[in-house]
Amino acid sequence: MAKNYCSPLNITEIEKNFSEINPAMTAAEAMHESNRCLYCYDAPCTHACPTHIDVPSFIKKIASGNLHGSARVIFDANPIGATCARVCPVEVLCEGACVEKTLLQKPIEIGRLQRYATDFAMKSDRQIFVKGESNGKSVGIVGSGPAGLSCATYLARLGYDVTIYERKAQAGGLDTYGMAEYKMPQRVSLDEVEHIASLGVKFLLNTEIVMGAEPESEILGEVSKVSFDLLNEWHDAIFLGTGLGDTNKLNIPGEDLEGVYDALYFIEKIKTRDWESVPLGNSVVVIGAGNTAIDAVTQAKRLGAEKVVMVYRRTEKDASAYDYELELARKDGIEFVWQAAPIGIMSDDGNSRVTGLRCERTDGSLELFEIHCDMVIKAVGQQKMGSFFEKVAGVAVDDHGRVVVSEQMQTSNAKIFAGGDCANGGREAVDASQMGKLAAQGIHQSLTGENVRFAGSK
Amino acid sequence: MADLSINFAGIKSPNPFWLASAPPTNMGSMVERAFDAGWGGAVWKTLGEPIVNVSSRLAGLDQGALRLIGLNNIELITDRPLEVNLKEIADCKKKYPNNAVIVSLMVESKREAWHEIVKRSQDTGADGFELNFGCPHGMSERGMGAAMGQVPEYTCMVTEWVKEVSTLPVIVKLTPNVTHIVPPGKAAQKGGADAVSLINTINSIMGVDVDTLVPYPNVNGMAAHGGYCGTAVKPIALNMVSELARDAEFDIPISGIGGINTWRDAVEFMLLGAGNVQVCTAVMHYGYRIVEDMIDGLNNYLDEKGLASVNDIVGKSVSRVTDWGNLDLNYDVKAHVNKEHCIRCNLCYVACEDGAHQSFRFEEADGKKYPIVIEEECVGCNLCALVCPSPGAISMIRVDQGGPTQSWRERQNSQA
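Those protein sequences? They're chains F and D, same order as listed. Residue 1 is where the first sequence starts when you use the working numbering, and the numbers rise one by one after that. Residue 459 is where the second sequence starts when you use the working numbering, and the numbers rise one by one after that.
It is possible that some hints are incorrect.
[Said to hold, decoys possible] Restricting the straight-line Cα-Cα distance to at most 30 Å, the calculated cross-link-like pairs of lysine-lysine (DSSO-like) are:
#, chain 1, residue 1, chain 2, residue 2
1, D, Lys826, F, Lys60
2, F, Lys269, F, Lys249
3, F, Lys101, D, Lys827
4, D, Lys826, F, Lys106
5, F, Lys106, F, Lys60
6, D, Lys826, F, Lys458
7, F, Lys458, D, Lys827
8, D, Lys797, F, Lys101
9, D, Lys470, D, Lys551
10, D, Lys792, F, Lys101
11, F, Lys225, F, Lys269
12, F, Lys60, D, Lys827
13, F, Lys101, D, Lys826
14, F, Lys168, F, Lys225
15, D, Lys692, F, Lys60
16, F, Lys307, F, Lys317
17, F, Lys317, D, Lys826
18, D, Lys551, D, Lys577
19, D, Lys827, F, Lys106
20, D, Lys797, F, Lys458
21, F, Lys106, D, Lys797
22, F, Lys101, F, Lys458
23, D, Lys797, F, Lys60
No wet-lab data here; the hints were simulated from the structure. Computed from a predicted structure; not experimentally measured.
Let the sequences and hints guide you as you build the complete structure.
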């Protein structure tokens, strides 16, 4: 890799650019904002939240000075409430539904209030929930992302012995590795993981679940491999919260050139805050127009790339990124090239480095053009791991490669449950959290016959 | 521009806004700044034997993030020497001949003591006296303040003593810490008072620090009840003013006090019979400058109503207050939800369901769920309209045909 292929900014500038976009509220802000809440009955914000947190209740508890109680209401419905307070697309969920938006054109800042209450709880020594009395049953969870963490929390509260298997060195999945750093530093996710571990949930990190045919347990480098069959033997039920696979391939020439990266890899490198190790060109092209593409362009710009261009084969209207995210990118000075399909990544003759992206207009003109750049980031969605589910876990998947689940999150194999991106195809952390909750209820019912309903399970 | 000047019981003032006897009128320099800001008159911080105060002295009542909807204090009368106050009163009156300066007085319950202080004070050129028969804390333990106002005979007696020597109009300031305000009001009138002012502050404990367990305000780990004032006491004051104003035998002017923040509050007091108003808490919160909008707002209100003088509104609502037994039982209003203004917070629904008469149901319209009034169940109590945060979303609509009226009293008589 070329020397100086990293941020040209000094640490102070970078830290400033990556300071949190939604900073913590002061006590005075929280007092004013919480008192502004109307305390709606059958509130639209609660309906809009995928985990159905009782938003008016937690806000009124902030107003009354009962922060511990406020955090309990949040975590009761959403075990990753501290993460969601920062990364949820509140504009299209709770805050988007807030009646105050229609009354005063300014919704209550629910996300920041949620952060205020959960920050208090994370710093407090008082435990909000405790592990339930052991019921002698054991559940294995594959993947420690939002779905797995949520499922594990509820099962631990019910008295299950829960073990989470995580391939990576740190737990939290995309909460830990995939959130734009200016939205949430990694520490928040790791604190939340610790909070959940304090319920007695065991985390086996650097542990990959593999086909039963492979050796039962083998140390290969730093990652242990555990066969799914063994998992099946050890546990009374299994929850799959594996998320999605690698970034999709573009299948165009030049994809393997130096300077071509997966968006998820780029974002993950930033999460280390080891700024010099983050690859960065002077002129960066990001392919794709989803929310991950936004995280890539905004962070490339914040790292100091001179020119950052977002290329998408369809129109702005078709972009899957939220409007407010596109607006953020616009404010950051990102250039947009709509209706342009990448057809090849270019390099100078005999050189393995990227020098440009060749595109074809999709507006009917078929015009060919090249964008000069020294870095290409692919943010064109993640692959489904259909084969893992079919071959390793032996559960049915649909045509899109998603694990087929019932309302109780039960798969085609009655002992195996699934939730999160692997079952919904890739949505928000908060959606995964809700699926983890429903799965915990489903597992409990399946193993004990008892019908339990957690807060916000509907 | 309407004429805002008043002649209250013989005391002339360029407008009806006076500062009440309290910290904002503690000394000459303060009163002079108040007059510069526009206040029409000021009732000086009560003169008497100088006292020693405690620290701390004030406590506030907040509503959510809104501070000081109520205030209480355990401060006593002036802690300055009498001669100093008298000199400053004289100086102030010379500088501001057109503003009203009223001297508030409180001394021990001896005829000679009252005679002496009245005589010394009226040489200052002040425009009138206000007898502090209302202070509910500290001074009352010493047989002064509310200890006078709570016994009509004492009120009458001391007023008589003052009137024996006073050459100036005498206002008697009444305490609200009585079960019925009319007897002390009439006692003041009987004693020869030229006017009354009310209300003084209400006995109160503002709250308790739940960590230290000491009530507010904390004086070295202990607390005492104090006098309560501010926005929250306004309805109590309005009732007491109107009770005196309605009484057929009571016919001296009333100076209205209690929770007045704005010109609108002042208008309400005057409509219910006050000839002027006195303000303290709002000034302690925001400063003398609030009088600018009081004057401006009152002017605009009078102009909009086509009234030439502020005196035209005095007592205009008194006849609209009656006993419950005279209210029309046939008048009937029902709540109505105006969907175009409804923000679907459903506060009307839950308030009616749990706090009133279960008169709401939900109805789907354009894919949205709206609260709707069940007219047969609605008793027209107003609760839904009171809790509704969206202006215009709930109307109370008259549904009776405007036929003959019948009060409870009339119904009782007709059944007799």
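### Query
Which numbered hints turn out to be false for this structure?
none
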